[in-house]
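Visitor: Sequence:
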Amino acid sequence: MSNNYIQRIFSPSEVQYGLSLFSKKELDFVETLIVEKEGRLLVKCQIKDIYKPAKPEEIVRQLWIKKLIEEYSYPTNRIAVEKEIWFGSGVHEKSADIVVFQKDMENPYIIIEVKKPNRKDGLEQLKSYCNAEGSPIGVWSNGSEVVILHREEPNVFTHISDLPTVDQSLQDVITEPWTIKKLTEENKLVRERLSLKSIIQDLEDLVLANAGVDAFEEVFKLIYAKLYDEWAAENQKDRKGRIFFRIYGESPNEIFEKISNLFEGAKDKWKGVFQPMDRIELSPNHLMTCVSFLQDIELFNSNLQVIDEAFEYLVTQVSKGSKGQYFTPRHVIDMAVKMLNPKEYEWVIDTASGSCGFTVHTIFWVWGNEFTAKGPTREQAEYASTHVFGLDFDPRAVKIAKALNLIAGDGKTNVYKCNSLDPASWNDEVKAALKPMLSRFSDSRQKDEDNQKNFKYFDFDVLLTNPPFAGEVKERAILKNYLLAEKQGKTVPSQGRDILFIERNLDMLKNGGRMTIVLPQGRFNNSSDAEIRKFIMERARILAVVSLHVNTFRPHTSTKTSVLFLQKWDNKLCPKKEDYPIFFAISEKPGKDNGGDPVYKRDSNGNIVIDKNGHLVLEHDLDEIADKFKDFANKEKLSFWRD
Numbered sequence: 001m002s003n004n005y006i007q008r009i010f011s012p013s014e015v016q017y018g019l020s021l022f023s024k025k026e027l028d029f030v031e032t033l034i035v036e037k038e039g040r041l042l043v044k045c046q047i048k049d050i051y052k053p054a055k056p057e058e059i060v061r062q063l064w065i066k067k068l069i070e071e072y073s074y075p076t077n078r079i080a081v082e083k084e085i086w087f088g089s090g091v092h093e094k095s096a097d098i099v100v101f102q103k104d105m106e107n108p109y110i111i112i113e114v115k116k117p118n119r120k121d122g123l124e125q126l127k128s129y130c131n132a133e134g135s136p137i138g139v140w141s142n143g144s145e146v147v148i149l150h151r152e153e154p155n156v157f158t159h160i161s162d163l164p165t166v167d168q169s170l171q172d173v174i175t176e177p178w179t180i181k182k183l184t185e186e187n188k189l190v191r192e193r194l195s196l197k198s199i200i201q202d203l204e205d206l207v208l209a210n211a212g213v214d215a216f217e218e219v220f221k222l223i224y225a226k227l228y229d230e231w232a233a234e235n236q237k238d239r240k241g242r243i244f245f246r247i248y249g250e251s252p253n254e255i256f257e258k259i260s261n262l263f264e265g266a267k268d269k270w271k272g273v274f275q276p277m278d279r280i281e282l283s284p285n286h287l288m289t290c291v292s293f294l295q296d297i298e299l300f301n302s303n304l305q306v307i308d309e310a311f312e313y314l315v316t317q318v319s320k321g322s323k324g325q326y327f328t329p330r331h332v333i334d335m336a337v338k339m340l341n342p343k344e345y346e347w348v349i350d351t352a353s354g355s356c357g358f359t360v361h362t363i364f365w366v367w368g369n370e371f372t373a374k375g376p377t378r379e380q381a382e383y384a385s386t387h388v389f390g391l392d393f394d395p396r397a398v399k400i401a402k403a404l405n406l407i408a409g410d411g412k413t414n415v416y417k418c419n420s421l422d423p424a425s426w427n428d429e430v431k432a433a434l435k436p437m438l439s440r441f442s443d444s445r446q447k448d449e450d451n452q453k454n455f456k457y458f459d460f461d462v463l464l465t466n467p468p469f470a471g472e473v474k475e476r477a478i479l480k481n482y483l484l485a486e487k488q489g490k491t492v493p494s495q496g497r498d499i500l501f502i503e504r505n506l507d508m509l510k511n512g513g514r515m516t517i518v519l520p521q522g523r524f525n526n527s528s529d530a531e532i533r534k535f536i537m538e539r540a541r542i543l544a545v546v547s548l549h550v551n552t553f554r555p556h557t558s559t560k561t562s563v564l565f566l567q568k569w570d571n572k573l574c575p576k577k578e579d580y581p582i583f584f585a586i587s588e589k590p591g592k593d594n595g596g597d598p599v600y601k602r603d604s605n606g607n608i609v610i611d612k613n614g615h616l617v618l619e620h621d622l623d624e625i626a627d628k629f630k631d632f633a634n635k636e637k638l639s640f641w642r643d
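Residues in the sequence shown are numbered consecutively from 1, following the numbering used here.
Possibly wrong hints are sitting among the right ones.
Restricting the straight-line Cα-Cα distance to at most 20 angstroms, the calculated cross-link-like pairs of lysine to aspartate or glutamate (DMTMM-like) are [stated by the list, open to error]:
no.	residue 1	residue 2
1	24	192
2	456	475
3	338	611
4	25	70
5	83	106
6	612	624
7	44	82
8	120	57
9	269	234
10	182	238
11	103	172
12	435	507
13	94	106
14	66	49
15	447	507
16	560	621
17	115	192
18	534	578
19	487	529
20	510	450
21	25	71
22	534	579
Restraint ranges, calculated between C-beta atoms of paired labels, are given here [unchecked claim]:
no.	residue 1	residue 2	range
23	272	251	27 to 35 angstroms
24	241	435	40 to 48 angstroms
25	534	344	34 to 42 angstroms
FYI, nobody ran anything at the bench for these hints, they're computed from the structure. For glycine and all other residues, C-beta sits at the position ideal for the given N, C-alpha and C.
With the hints as extra help, turn the sequences into a complete structure.
Guide: What follows is the structure, encoded as structure tokens:
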């Protein structure tokens, strides 16, 4: 049956409510309840047997009623709609959308809230209803998302995976064993089209804001532990696929011990991110609630978007935005990697690596496969641990980057905390790691010795980076090392940080090496920056300039940016020319709206498009731009894209 009425009610412009939680059978049934009278659509309530305006909220309510009856087998005499909620004042103030009563027909068992489609508002309303009525189960849903809460005691809520059927107890649902296969099938991020960011926001609202802990550190520990649990379930035979990062009816103290053990296992397998003495600081009760919200999501997926989005949210909440440094959207990263086409034998670096999105996605590009719990092959792990480097000065960004690289590379990483612009400040660890990549000068012993001492010139094949835009470098000890910090033979008192990164990055590349860098649009247009553009063109061929939409980096910044692609002049790989074509492109679909929220691709019927792994697909045009550049590169016979 065609759901013509429902399609009219849920037009593409209606974004507050959705239908993805419901089966075709449920949708078809509710379609039969809708009639049109005098130009108005009405829907028949299955419980009150009266017609109501067929607004999205009411359609979602009737779909949930149908689900309760058919999927969970609750009889209609145990279901009420618009039930008055009695608060401490002795009078009712509000009404619950749906209530399922206990078998005694007096006390609420399940309360369902659909009136408030906003997740945060809906959960607050739901918790107040459950506390007022003593209901052990609360459900908030807008038709595309659902949160099921178990009220363990007043104001203490944990998340559960499903509602009990009429023949099940609440304990039956809580104690059901889960495997990695079931986690993949039931992955909440896929089923409800959610992001990990939204789950963390739930945790902030319910737990973290009042837990007295560093939210970034504690969520990071839990994600680290959960990644390890998924890896162990996939790879340790004695596990038989069993998932441990889950509440199976244990006490808060038992949960705390179990998750702490997983965290210790993660620290042991992927060393170098946490210190040996680091421990989970959440209280057992707070930890239990956090686990309940994270247990139904799968972190290993076809790319790093799930984890990246969460870390981006956490870090920018704390500090990075104030420094003019923002995590690069993953569709921008993918475009840059595709256009530079790194090979398995090439050495890659990001000098302002943040969470290492550029380098990790380079690893995936070279591998030609996905980020899965099974881990890489031996050859893949060797490439990831030997050929790819990341440098960043922000300790939390480095922590994230190390974790992602360790997990992707399965045990080793080359991510270091240092100021890329100031090699004189590098510690022995950084110098030892990068020394093999230093350029050698056989024609000048003095130049070679100076370079071995000062770490100025390197032989990286590929460099991808998005340096900080904000602020200027004023330390003379740093500025004196840069030609772009000179004017009329004298060192200037200050210079833009991104300008110094341009020169620094060119020095990091070997001749014929190629680079992509995200820069403020003004560097391409301002007359005052003409000398910078001249400096670049003297040293490298401009391969491409991609102008990004102003929304690309929102909500963190509305700075207009472009991505510059270069290849250093080289007699063999990139012979110097005075005149040559440049690939220019303008992105018109940024994947973000004016508020910085993601914009997802929709089909001709207005339904959100998902990829082969069930994840949402951003509405952007950067893949198309990358494909067009490949055609350009082959036509121009560029050395790194010759078929």
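Visitor: All hints, please: hold or fail.
Guide: Hint check results:
For the proposed pair residue 24 and residue 192, the alpha carbon gap of about 16 angstroms is at most 20 angstroms, so the pair holds. Between the alpha carbons of residue 456 and residue 475 the distance comes to roughly 17 angstroms, so the proposed pair stays at or under 20 angstroms and holds. This hinted pair checks out: residue 338 and residue 611 have alpha carbons roughly 19 angstroms apart, not beyond 20 angstroms. Proximity of residue 25 to residue 70 is assessed by CA-CA distance (about 10 angstroms); at most 20 angstroms being required, the pair is judged to hold.
Under the criterion of a C-alpha separation no larger than 20 angstroms, the hint pairing residue 83 with residue 106 is consistent with the structure, at around 12 angstroms. Between residue 612 and residue 624, the direct Cα distance comes to roughly 19 angstroms. Compliance with the 20 angstroms bound is thereby established for this hinted pair. Among the hinted pairs, residue 44 with residue 82 is consistent with the structure: their alpha-carbon atoms are about 15 angstroms apart, no more than 20 angstroms. Restraint check: the Cα-Cα separation between residue 120 and residue 57 comes to about 17 angstroms, which is no more than 20 angstroms; the hinted pair holds.
For the proposed pair residue 269 and residue 234, the alpha carbon gap of about 14 angstroms is at most 20 angstroms, so the pair holds. With a CA separation close to 17 angstroms, the supplied pair residue 182 and residue 238 stays within the 20 angstroms bound. In summary, the hint linking residue 103 to residue 172 is supported, as the alpha carbons are separated by about 17 angstroms, within the 20 angstroms threshold. With a C-alpha separation of about 14 angstroms, the suggested pairing of residue 435 with residue 507 holds against the 20 angstroms cut-off.
Only pairs whose Cα atoms come within 20 angstroms are accepted, and residue 94 paired with residue 106 is accepted, the gap being roughly 18 angstroms. At roughly 14 angstroms between alpha-carbon atoms, residue 66 and residue 49 fall within 20 angstroms of each other, so this suggested pair holds. Between residue 447 and residue 507, the direct Cα distance comes to roughly 14 angstroms. Compliance with the 20 angstroms bound is thereby established for this hinted pair. At roughly 17 angstroms between alpha-carbon atoms, residue 560 and residue 621 fall within 20 angstroms of each other, so this suggested pair holds.
Note on residue 115 and residue 192: the hinted pairing holds, with a Cα-Cα distance of about 18 angstroms set against a maximum of 20 angstroms. For the suggested pair residue 534 and residue 578, the alpha carbons sit about 12 angstroms apart, so the restraint of at most 20 angstroms is met. The straight-line distance between the Cα atoms of residue 487 and residue 529 is roughly 13 angstroms, inside the 20 angstroms bound, and the hint therefore holds. A distance of roughly 17 angstroms separates the Cα atoms of residue 510 and residue 450; the hinted pair therefore holds under the 20 angstroms criterion.
Taking the CA atoms of residue 25 and residue 71, the gap is about 11 angstroms. The hint holds against a cut of 20 angstroms. A C-alpha spacing of about 14 angstroms is found between residue 534 and residue 579, which places the hinted pair at or below 20 angstroms, so the restraint holds. For the pair residue 272 and residue 251, the supplied restraint of 27 to 35 angstroms holds, since their beta-carbon distance comes to about 33 angstroms. Evaluation of the 40 to 48 angstroms hint for residue 241 and residue 435 yields a pass: the beta carbon distance comes to about 44 angstroms.
Separation of residue 534 from residue 344 is about 35 angstroms and conforms to the stated range, judged on CB atoms against 34 to 42 angstroms.
In terms of the numbered hints stated before, the structure departs from none.
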